[in-house]
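Turn these sequences into a full structure, and let the hints guide you.
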Amino acid sequence: MKKLLVLTILMAMTIGLQAQAEEPDTYSGQLIQKYTQKITDTEKEMRQRHEAREKAIQEQREKQNAAIENKLKQIEEQKKQREEANAKKIQEIEKQRQEQRDAMNKKVEEFNNQIEAAKKQREDASKARQQKIERKKQLWNELISE
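Position 66 of the sequence shown, counted from 1, bears residue number 252 in my numbering, the numbering being contiguous throughout.
Don't read these hints as lab results, they were simulated from the structure. Computed from a predicted structure; not experimentally measured. Positions of the beta carbon are idealized from the N, C-alpha and C atoms, including for glycine. Worth double-checking, as some hints may not be accurate.
[Stated by the list, open to error] With a straight-line cut-off of 27 Å between C-alpha atoms, the simulated BS3-like cross-links for lysine-lysine are:
id	residue 1	residue 2
1	Lys266	Lys249
2	Lys293	Lys305
3	Lys265	Lys249
4	Lys292	Lys275
5	Lys281	Lys265
6	Lys292	Lys305
7	Lys230	Lys241
8	Lys313	Lys323
9	Lys257	Lys241
10	Lys318	Lys306
11	Lys305	Lys318
12	Lys281	Lys266
13	Lys257	Lys274
14	Lys259	Lys249
15	Lys275	Lys265
16	Lys322	Lys305
17	Lys306	Lys293
18	Lys292	Lys306
19	Lys274	Lys259
20	Lys323	Lys306
21	Lys230	Lys220
22	Lys306	Lys322
23	Lys259	Lys275
24	Lys281	Lys293
25	Lys241	Lys224
[To be verified] Pair by pair, the computed Cβ-Cβ distance ranges are:
id	residue 1	residue 2	range
26	Ala289	Glu320	44 to 50 Å
27	Gln204	Lys249	56 to 62 Å
28	Ala198	Thr222	29 to 35 Å
29	Ala198	Arg233	42 to 48 Å
Set out below in structure tokens:
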């Protein structure tokens, strides 16, 4: 009987402890919650602030990266435009130089043609004089031989 009594008391205590553990609104639970609630609220608020700060930093980084990418695109576009303008100027300069070379070659050719024409004219005049002299010699020889 003692054993039964001890067993009953033990079961009653176990059931009582279990019921007390399952019930969250005990005085000690309320007391603990009262003093720790401020800490948990502060901790939660700090976590939210930290997350908001991290999110803001991430957004700012994304904006900065986007701005940098836009600036790089603008720089590349400007570089491309400058290169195209320089290439166009170089083509124009080469075209002008080629026109100048062509004009100079034409003048040289005309000058050479004038020189050749003058040379031919002198040769023709020389031949004409030589023929005239030969004709006079022939006439003189004919005159003397008669």
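Taking the hints in turn, this is what the structure says about them:
no.: 1; hint: Lys266 with Lys249; verdict: 25 Å, holds
no.: 2; hint: Lys293 with Lys305; verdict: 18 Å, holds
no.: 3; hint: Lys265 with Lys249; verdict: 24 Å, holds
no.: 4; hint: Lys292 with Lys275; verdict: 25 Å, holds
no.: 5; hint: Lys281 with Lys265; verdict: 24 Å, holds
no.: 6; hint: Lys292 with Lys305; verdict: 20 Å, holds
no.: 7; hint: Lys230 with Lys241; verdict: 16 Å, holds
no.: 8; hint: Lys313 with Lys323; verdict: 15 Å, holds
no.: 9; hint: Lys257 with Lys241; verdict: 24 Å, holds
no.: 10; hint: Lys318 with Lys306; verdict: 18 Å, holds
no.: 11; hint: Lys305 with Lys318; verdict: 20 Å, holds
no.: 12; hint: Lys281 with Lys266; verdict: 22 Å, holds
no.: 13; hint: Lys257 with Lys274; verdict: 25 Å, holds
no.: 14; hint: Lys259 with Lys249; verdict: 15 Å, holds
no.: 15; hint: Lys275 with Lys265; verdict: 15 Å, holds
no.: 16; hint: Lys322 with Lys305; verdict: 25 Å, holds
no.: 17; hint: Lys306 with Lys293; verdict: 20 Å, holds
no.: 18; hint: Lys292 with Lys306; verdict: 21 Å, holds
no.: 19; hint: Lys274 with Lys259; verdict: 22 Å, holds
no.: 20; hint: Lys323 with Lys306; verdict: 25 Å, holds
no.: 21; hint: Lys230 with Lys220; verdict: 16 Å, holds
no.: 22; hint: Lys306 with Lys322; verdict: 24 Å, holds
no.: 23; hint: Lys259 with Lys275; verdict: 24 Å, holds
no.: 24; hint: Lys281 with Lys293; verdict: 18 Å, holds
no.: 25; hint: Lys241 with Lys224; verdict: 25 Å, holds
no.: 26; hint: Ala289 with Glu320: 44 to 50 Å; verdict: 46 Å, holds
no.: 27; hint: Gln204 with Lys249: 56 to 62 Å; verdict: 58 Å, holds
no.: 28; hint: Ala198 with Thr222: 29 to 35 Å; verdict: 32 Å, holds
no.: 29; hint: Ala198 with Arg233: 42 to 48 Å; verdict: 44 Å, holds
In terms of the numbered hints stated before, the structure departs from none.
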